[in-house]
Structures are given as structure tokens and as C-alpha cells.
Amino acid sequence: DVMHFINEKAYEASVDLAKERGVFPAFESSIYDAPDSLRPRNASCTTIAPTGTLSLIAGCSSGIEPLFALSYTRNILDGDQLVEVNPYFEEVAKSEGFYSDELMQQLASGAKLSDVDGIPDSIKRLFVTAHEISPEWHVRMQAAFQNSTHNAVSKTVNFPREATREDIAKVYMLAYEGGLKGITIYRDRSREAQVLTTGEKEEKAEGVGLTPRRREKVTSG
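Just so we're aligned: 199 in UniProt numbering is position 199 of the sequence shown, and the numbers increase by one with no gaps anywhere.
Bear in mind the hints are in silico, worked out from the structure with no lab data behind them. Accuracy of the hints is not assured; some may be wrong.
[As the list claims (entries may be wrong)] Only pairs whose alpha carbons sit at most 20 Å apart, straight line, appear in this in silico EDC-like list of lysine to aspartate or glutamate:
#1 K181 - E192
#2 K181 - E65
#3 K170 - D121
#4 K19 - D1
#5 K94 - D117
#6 K112 - E91
#7 K124 - E91
#8 K19 - D33
#9 K170 - E132
#10 K181 - D117
#11 K94 - E65
#12 K112 - E84
#13 K124 - E96
Required output: the full structure, derived from the provided sequences and hints.
Below, the structure written as C-alpha cells:
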């Protein structure tokens with residue numbers, strides 16, 4: 001219902017805009033070029049783009065993506081690691097009286113909130129993370145929004161490191177059957193370094209460090 005409303009209002013705005021500026025150049029012979037059809041300014045009006053970085057800047061959720069983790073370790077370019085806590089979970093944890101640095105570190109190390117004693121069941125049901133949701137329901141969520149979105153929907157299906165080729169193939173088929181225009185698969189630890197991590201520490205393979213290059217005081221060109 002949410003995306004249907006957004007899609008409907010975006011299309012209405014496009015039709016209004018076309019009255020002032022005309023339809024898009026390829027309108028003729030397009031799917032919109034039919035008797036009694038509305039004449040939009042835009043060939044497509046809605047999409048759900050990747051919002052991971054933008055959501056961090058804005059301090060909000062990343063659209064239809066579930067939380068990656070309630071507390072996690074962020075690897076930054078100079079090799080440092082930061083433990084970050086979801087601000088909404090932190091607020092609830094403090095208001096309910098179960099917040100502690102030890103709990104945040106425990107969650108960042110891979111513990112599930114559902115396995116922690118002393119947490120109200122209502123809180124456990126509310127704060128479910130990406131790896132606790134089955135791949136099938138990741139796809140179902142994306143399909144629900146794709147039905148009311150003109151272009152593709154950005155969504156990542158998070159797999160544990162033990163995922164098999166058959167597990168991933170099943171998700172691709174579910175995506176196809178659900179009419180998705182694209183889907184992203186990420187298996188945990190499938191890369192030597194990843195931006196967000198939870199779980200036990202592993203020996204890191206030696207690689208090339210990413211650091212800002214030195215900039216000259218005076219440049220030309």
C-alpha cells in the first residue's frame with residue numbers, strides 16, 4: 001500500500017507536468033501511446049535505488065532493507081574498526097533498561113538478540129536482523145514493492161557463509177517467478193574484506209591497504 005501510493009502520486013505528477021512541458025520524446029509507439037491513455041512526462045516515475053550510504057548520512061533506515069545488525073563493526077579505510085549501534089535499538093534498550101556496552105559488544109560479535117536472556121519478547125520480535133530473515137522472505141518483500149515500482153528495486157538477500165549454490169539458485173528462481181527486475185545476493189565472508197561485519201574474528205588475508213593518496217599543494221590542469 002505504501003509503494004502503491006507513492007507510485008500513483010508520482011504518475012499523477014508526471015501527467016500534470018506533461019501538460020506544461022509535453023510528453024517524453026519516445027512517447028509515440030510506447031506503451032502509453034494508446035486511446036484514452038494518460039500522457040505522462042516521464043517514461044518511468046519510480047525506482048528504489050541503493051540507499052545504504054545515503055541512509056547512514058541521513059540517519060534513517062535504508063528503505064525496505066532489514067537492519068544488517070543491531071550492533072556491528074564497521075571497517076574504515078585507514079584500517080580502524082568502529083562498533084556502531086542502531087540508534088533506534090539503542091534508544092529502546094536504554095528506555096527499557098537493558099542497555100549495556102557488554103550487550104552491544106556481544107551483538108557485534110555475532111550473538112542474536114533472540115538468544116539473549118532478559119530481553120522482552122516484544123522487543124525481540126521487533127528488532128529482527130537481515131541474517132535472521134529467510135532468503136525466501138527477503139525476496140517476497142522485494143516482490144511486494146516491485147509490483148508498484150516502474151523500474152527495479154534495490155534489495156540484498158543476505159546469506160550465511162555456509163550457503164550453497166543450490167540455496168542461491170533457488171533465490172534467483174524465486175526472483176524470476178516473482179517478476180523482479182533485479183536482485184542482489186551477498187554471502188557472508190565471500191570477500192576478504194567487507195564494510196559491515198558481525199561474528200567471530202578471523203585471520204585477515206594480507207592485501208593492499210586503501211588509504212587516501214597524498215595531494216600536492218599546487219595542482220594544474
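Hint numbers not upheld by this structure, sorted from lowest to highest: When the structure is compared with the hints, numbers 1, 3, 4, 10, 11 turn out to be violated.
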